[in-house]
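Student: Those protein sequences? They're chains A and B, same order as listed. Counting in this note's numbering, the first sequence runs from 1 upward without gaps. Counting in this note's numbering, the second sequence runs from 1 upward without gaps.
Any given hint could be a false lead.
Stated by the list, open to error - Once the Cα atoms are required to be at most 27 angstroms apart in a straight line, the calculated DSS-like pairs of lysine-lysine come out as:
1) A/Lys163 <-> A/Lys134
2) B/Lys117 <-> B/Lys181
3) A/Lys155 <-> A/Lys5
4) B/Lys121 <-> B/Lys149
5) B/Lys149 <-> A/Lys155
6) B/Lys117 <-> A/Lys60
7) B/Lys60 <-> A/Lys60
Claimed, not checked - If you want the ones that stay clear, here's a sample from chain B, every Cβ over 12 angstroms from chain A, calculated:
8) Ile29
9) Leu34
10) Gly79
11) Leu81
12) Asp177
What the hints contain is simulated information worked out from the structure, not anything from laboratory work. Idealized CB from N, CA, C, for every residue including glycine.
Number of protein chains: 2
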Amino acid sequence: MASTKPLISMVQVNDLDYESFITVFGNVIEHCALAAAAVWRHRPYRDVNHLHDYITTFAKALPLEGQEGILRLHPDLAGHLADAGQLTSESTNEQRTAGLDSITADEKQKLKSLNDKYRDKFGFPFVICARQNKKEAILNGLEQRLQNKCELEVKTGLEEVLKICYLRLRDIVECADIDSKL
Amino acid sequence: MASTKPLISMVQVNDLDYESFITVFGNVIEHCALAAAAVWRHRPYRDVNHLHDYITTFAKALPLEGQEGILRLHPDLAGHLADAGQLTSESTNEQRTAGLDSITADEKQKLKSLNDKYRDKFGFPFVICARQNKKEAILNGLEQRLQNKCELEVKTGLEEVLKICYLRLRDIVECADIDSKL
C-alpha cells in the first residue's frame, strides 16, 4: 500500500517543530494525536524503529483506561464508518488490503455479528493489523479472541495497534535500509 | 458563551455508547479524543463534576511526556491558526471571550513575541483558560510564567487545560443546578 505522499527523511523528521510533527504523525495511532505530541520531546530519533520504540513506551505506560481508550478510537472492521466512507484514509487502505472491501454479504453479516458481540463483551472494538491478515484470518481471529479475558484483550489489541502504527510510520518515513521490526 | 447545540442531560450522557460519547466529548480537551475515550468506562457519572473528576484523574495519571503532549495539542493564543480561521470552534469562542480577536497590532506583536519565547523555552505552547482571563491578564500571565521552570509549567498548563475542559463540559451537559468547581 504505497502512500501517494513523498517519503520524508529522518533528518527532516528530526527538524520538525511540534506542530508539523503532529500534523505528519498525528494519525499513526488512529485518531490519537496525543501519541505524536508526547514523543516529539525525544528527538532526535536514529531511525523509524527508534521513533516507534518511543511510541510503544508511551502507549504501554498509559493507565489501563488510556490503553482501552486507544482501542475505542478505532473503527469496526467493515463497519458502519466503512459503509459511509468515513474511515481515515489510512484505515480505508488497510481494510482494502485485507480484502474487507470485497466481502460477501454473508461474511459481512458474520463479521458484524462478531464485532457486536466483541464490543458488548469488552467495551471496545476488535482491533487487528489488517495489513498482516486476510479476511479469513480476521474472522477466525475475532472468533478466537472473543473467548479471552478483558485484560488480555487490551494487551492483544494494543500490540495490534502498535503493528498498525509501525506500518503507518514506514509509509511516511524513508526507511528502505532499515530492517522491519515485524 | 452559549453553545448553539441543545444541552444534553446526564441521563442521556450515561446512555451513550463509546462512539457517540467520543463524538460528543472528544474535544473537551483540545484535539485529545483519548481523554473521552478513556473515561467512558466509568459511566454512570453522577453529574458534570463527577465526569470532570475522571478526566482530571486520567490527565494527571499520564506520564510527563503525555502531559506535555496535551499542551502541544493546543494552539497559540491569537496565533497563526487563529489568523487563518483554523481554530476549533471551542477555541475560537474562548479566544473571542478574552478579547483576543480585537487586540491592537502592538499587543498582537507582543503576544507573538512572548509566545515564541515560551515555546522555545519549554517545547510546548502557553496555555491559559481564556474564558477566565482578559487579554491584559493573559499578557501579564505569559510574561510571569516565562520565568518558571519547565516542570512547574507542565503542571500549571495542565491545570489550565482542566479548567478549559470543565467549562467546555458545562457547555455540553445540563448542569444549571450543579455548583461550579471553578
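Student: If you test the structure against every hint from before, which numbers come out violated?
Tutor: Going through the list in order, the structure violates hints 2, 3, 5, 6, 8, 9, 10, 11 and respects the others.
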